Amino acid sequence: MVPVINEFYLENLETVKRTFQEEGQVVLFDFFTKDFFSLLKKIAEKKPRPEKDPLLHSFSTVSVDLPELPFLRSLFKKQPDFRSYRFGWKDYTLLHDLDMQKPGIDIIIDLAEDWQEKWGGSVYYVDGTGNFTKMPIKANTLILVKRTSGNNRFIKYVNHLAGTRKRSLLIGSL
1 MVPVINEFYL ENLETVKRTF QEEGQVVLFD FFTKDFFSLL KKIAEKKPRP EKDPLLHSFS
61 TVSVDLPELP FLRSLFKKQP DFRSYRFGWK DYTLLHDLDM QKPGIDIIID LAEDWQEKWG
121 GSVYYVDGTG NFTKMPIKAN TLILVKRTSG NNRFIKYVNH LAGTRKRSLL IGSL
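For the sequence shown, the residue numbers in this note's numbering are 1 to 174.
Simulated from the structure, these hints should not be mistaken for lab results.
The structure displayed is predicted, hence computed values, not measured ones.
By construction, the Cβ of each residue, glycine as well, lies at the ideal position given by its N, Cα and C atoms.
Fair warning: there could be bad hints in the mix.
[Stated by the list, open to error] Mimicking DSSO-like on lysine-lysine, the simulated pairs with C-alpha atoms at most 30 Å apart in a straight line are:
id, residue 1, residue 2
1, 146, 156
2, 42, 90
3, 134, 46
[To be verified] Derived DEER-like restraints, expressed as beta-carbon distance ranges:
id, residue 1, residue 2, range
4, 83, 54, 13 to 23 Å
5, 160, 18, 38 to 48 Å
6, 23, 137, 17 to 27 Å
7, 137, 56, 20 to 30 Å
8, 129, 94, 17 to 27 Å
9, 160, 133, 22 to 32 Å
Use the sequences and the hints to build the structure in full.
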């Protein structure tokens, strides 16, 4: 079997679990092996279809079938369904009272190599009281976030500086 996860995280699985339980989120850099990360990028290249609702979002997305990820199964007892998202110039998601996210867990895999923060496309979580958390932009990063009631995610507008480049994310929810 091809190694999937950086050995460091396999050796420290209990620490990752504990941190997620205590903090409600965890960001794991260089999470996948190079070979498996390349496979994920190929899977995410499946042709997405544009989705636009000016009051809510603009992006391209497609459902994808990922290989079994035992690490996620050990944390959550099941494998989430993932979608591939691509954000290019003028793409975004908004927070809207009619489109509030239910409590749950978000699993985000950042696939965008060489993405620059000044282009936009950052993932944010807000708690409804004005507090927010901005997730780091770095390829081969796994982000786990426990969404509680009133805690929602949005993707900041991708500006003209991105040119023709696209930010790719795999996002699963439980």
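(request) Would you pick out the hints that fail for this structure and give their numbers low to high? (result) Violated hints: none at all, because every hint is consistent with the structure.
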